[in-house]
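Q: Quick note, the sequences are listed as chains E and S, same order.
The letter at position 323 of the first sequence is residue 323 when you use this note's numbering, and the numbering goes up by one with no holes.
Heads up: take any position in the second sequence, counting from 1, add 1000, and you land on this note's numbering.
Simulated restraints, written as ranges between beta carbons of each label pair:
hint: 1; chain 1: S; residue 1: Gly1286; chain 2: E; residue 2: Ala328; range: 56 to 62 Å
hint: 2; chain 1: E; residue 1: Asp168; chain 2: S; residue 2: His1295; range: 25 to 31 Å
hint: 3; chain 1: E; residue 1: Ala67; chain 2: S; residue 2: Ser1050; range: 41 to 47 Å
hint: 4; chain 1: E; residue 1: Tyr169; chain 2: S; residue 2: Asn1106; range: 36 to 42 Å
hint: 5; chain 1: S; residue 1: Arg1023; chain 2: E; residue 2: Pro160; range: 32 to 38 Å
hint: 6; chain 1: S; residue 1: Arg1108; chain 2: E; residue 2: Asp99; range: 24 to 30 Å
Distance condition first, Cα-Cα at most 30 Å in a straight line; then the derived BS3-like pairs of lysine-lysine:
hint: 7; chain 1: E; residue 1: Lys279; chain 2: S; residue 2: Lys1247
hint: 8; chain 1: E; residue 1: Lys262; chain 2: E; residue 2: Lys279
hint: 9; chain 1: E; residue 1: Lys30; chain 2: E; residue 2: Lys220
hint: 10; chain 1: S; residue 1: Lys1042; chain 2: E; residue 2: Lys279
hint: 11; chain 1: E; residue 1: Lys220; chain 2: E; residue 2: Lys262
hint: 12; chain 1: E; residue 1: Lys164; chain 2: E; residue 2: Lys144
Read the hints as simulated data drawn from the structure, not as lab findings.
Ideal Cβ placement from N, Cα and C applies to all residues, glycine included.
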Amino acid sequence: MADLLNIDNLHLEFHTYDGVVKVLAGVDLKMQRGDVLGLVGETGCGKSMTALSVPRLIPMPPGKITAGRVTFNGEDILSKTESEMEAFRARHVGMIFQDPVTNLNPLFTIREQLVDAVLYQRAQGQKVPGRWRGFLPSVRQMRKDAHDRAVELMRLTGIPDGDKRIYDYPHQFSGGMRQRVLIAMALAGDPDLLIADEPTTALDVTIQAQILRLIRSLVKQLGLTVLLITHNLGVVARSCERVAVMYSGRVIEESPVRELFKNPKHPYTRGLIAAVPQKDISRGGLEGIPGMIPNLIDPPAGCRFHPRCPQVMDICRSAVPPAVSVGADHSAACFLYPEDA
Amino acid sequence: MSPLLEVNNLQKHFPVRGGLLNRIVSDFRAVDDVSFALREGKTLGLVGESGSGKTTIGKCILRLLEPTAGQILYDGADITHLKQRDLRRLRGEIQMIYQAPAASLNGRMTVGGIIGEPLWIHEGLKGDVARERVLELMNVVGLKEEHYYRYPHEFSGGQQQRIGIARALAVQPRLIVLDEPTSALDVSVQAQILNLLQDLQDQFDLTYLFISHDLGVVRYMCDEVALLYLGKIVEVAETEVIFEAPKHPYTQALISAIPEPDPDMQREEIILRGELSSSPLMHRGGGCPFAPRCHAEKLATCETVLPSLVEVERQHQVACHLHPPISIAEVH
Ligand SMILES: Nc1ncnc2c1ncn2[C@@H]1O[C@H](COP(=O)(O)OP(=O)(O)OP(=O)(O)O)[C@@H](O)[C@H]1O
Ligand SMILES: Nc1ncnc2c1ncn2[C@@H]1O[C@H](COP(=O)(O)OP(=O)(O)OP(=O)(O)O)[C@@H](O)[C@H]1O
Ligand code: SF4
Ligand SMILES: [Mg+2]
Ligand SMILES: [Mg+2]
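Just chain S, same shape as in the assembly:
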């Protein structure tokens, strides 16, 4: 089956300004040669620390940002360079849900208005027909009918996120980019929203790109996980493989650092040196971007040659010199 979404060699550069005249002095590669595929009805987790490029990838897919290079295929069609009027149809099919529920809802509109707006924009629905659909959507996400004329600020964070989800569902999307949908919520409310998202996925056969830095949540929600480091994917595999047998030293460190709520879980904790922001952001010199923080037995090539993302086992890709591609490994 061909994937619903395919991202090939995506790049997004932002200009870096500097100097006295505030001229563009270089490019910052927020997303650097990212490729992945997402099958219909599945959930792919996009994990990485702050600034690793997760949101930028999401926005490029929705074409809220123009990719610098690369290709985005949706349902087999190249959408990388769609014109403005074709984008509208696309935005019916692909929706995005954001982290801060309050900030992503228009505070001057009622709940009914917020959820109904996309119906009007995309399908021209108004009046009682629209109202019926909105009430149906509110019911689906667990809001009550009497909430229709209320304003977002009257709701808790979890309820606001339900409003955001209902709005995203209004146009019957097939793909939803969820950008940290629960990271502003308390754990008991987060559980409600995660369960709601799973139910909706089953009910409407939705495909999710699930952006998060919470590995526990990712483990619960995703079929596959891609790990980002400084704008590059360093490892992709099925969720279970990522959590049980991670290969990239960065993934290993992240998994070991998950604070599990189980005091008996004794795991060797890998504490990384430094921080994302302390490593040089632009690797003009080549070498592995993770090398300055890497805790593995490094090879000479780590400092000089950029490792590419290769298949090291079936369905398991890693970008690390310690892990040669499957074919070479077999020759040895």
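Bound-form chain E, shown alone:
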């Protein structure tokens, strides 16, 4: 099956006063339609930048893509013009941003923002749900339809009394309900791909459970494809089918979720799993990963994990390990594993 999304060897730099920050150093990531892929890794490893490269929302400058390709449904994203990009974003990608500032505007009601999102999506493309297709309505009719669609989106995302609450301002919503509104907005364009960047990080655990359940049910109901970004391995274990682990600008391991937790191959993945306080770890039994995440201006040569790796070999200090197959549907970028035979 053709990939819905294919990020291939993506390199991204930021030019700053301090120097060139080498943020992405060859990211490879593929998604098929219907995938629910978790993208995990610690602060600064490049999860958000990888995700933002798809709707091409990385500020350039200071950002600069120096190598690599991003294809969506076979179309080359990086060579599109800005107006083509606008239509692409409206029609294909729904995004929940990590940065709350870019999310809901406190000065406008939910209705204004949600109806806008629906109208924007309609203005950008023909791809609207069936019942709007084929007639050219008046502006008033369009707004009314958009309003109905907004209420429907609120129902879909589990917001009770959407027809009344749509007139409320964001501050009148609780944290969990605001997150539902954001999901509704991201779904306004009936996207092929939903990118959710840390959608539950700021929420309490009982609310997190509600939102994760919502995402799972949307996947079932709408056949959504989801890229779920999180630093919480537990969230991945609960919600995703596949998982890609990033470290310092690269995907260093990828596999089905169960396989990753049962049979992690990359030393970083192993360290990451061992660092989570789990059931049955007795006092003193938790292992951290020694050292710190690398500086991206002057990153370590070779495998960027080598200064912290308990199994480092000579070759790791000079050469960059390619991703190799380490099992069925399981790949890792580490010299401990021989190249595909």
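On the provided structure of chain E, position chain S with the ligands as indicated by the hints.
A: Same frame as chain E, now just chain S with the ligands:
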């Protein structure tokens, strides 16, 4: 053995302003009748969702906030109404470590200055003596000597938290209130800090009040756990009991919602209705504060009578009408 810290019926109310003249219209009970005891050398976890009153309790113990009512006993002495000058000695004994390492460190001071400041304030130490002690402390928390003249912003979050810990240790406290000490940190760094805290506890016989909303971390760090809901403790027991046999419906839901990094762990997930903030915050009408979200087979009294925290088994207290106190249970 008498506990090092005992909190009895602690209340902290904040005024709620409203109306045209912005007058005080009512009280918001951020902490409502909270009692617990903490034995020397142990760690008590204080768990609850955002706004449940965890930080407020911590600040009342350090007397950074004045309790509205109740009593705080430290080492047998009532410290609830200590005067300003006696507070200084107390603050040597009890320290607090905060969540955001960067925000709690003075950015214009060097690391050496930050860690040395309490030595000067509390013990009048200066010069080489102070410097020696600071270097010793830096060594204890895993900072290097060359970090002495650097500034906090030059450090990662984990390193900054080490600076905060060294500063707290400077005055040789016996009790440390840790307010979400690792929630701003990445998991690999969190593990380093949690291990450091355990080592320090063993080395210096420290007592911890460990505030967190991360149940996995609490399970790893604490001997006992108290669960807060809207300013009230709803359950207290030994850690293992809380995680293996929770009784309060709220605790059961929280435990079931822990995202365990183990895809084979099939657990029935209890999804609560609503949110903390959607339930009425002030329960003038009586009844259990958790009733609007409760998933258990409720009793008629749930809506009308406030359940009090009672011992339902040895060392296990619960505030829920479904769980009668031990003595009554025995009579039946
Ligand atoms: N405008 C910029 N200028 C320079 N560096 C930048 C800029 N934007 C991002 N970076 C750097 O790019 C790296 C990757 O950032 P990204 O936001 O993708 O990380 P992340 O994995 O999403 O982290 P987090 O878990 O904290 O959200 C970080 O080290 C960040 O400092
Ligand atoms: N100075 C204050 N004035 C008014 N209300 C306050 C004040 N400080 C705290 N509160 C309120 O008291 C309640 C408890 O706050 P507290 O900070 O103790 O919660 P918490 O459990 O520490 O939450 P979090 O997990 O978000 O840190 C909150 O609803 C908060 O808004
Ligand atoms: S009293 Fe009712 S609502 Fe409260 S905890 Fe018990 S069962 Fe739940
Ligand atoms: Mg991010
Ligand atoms: Mg707090």
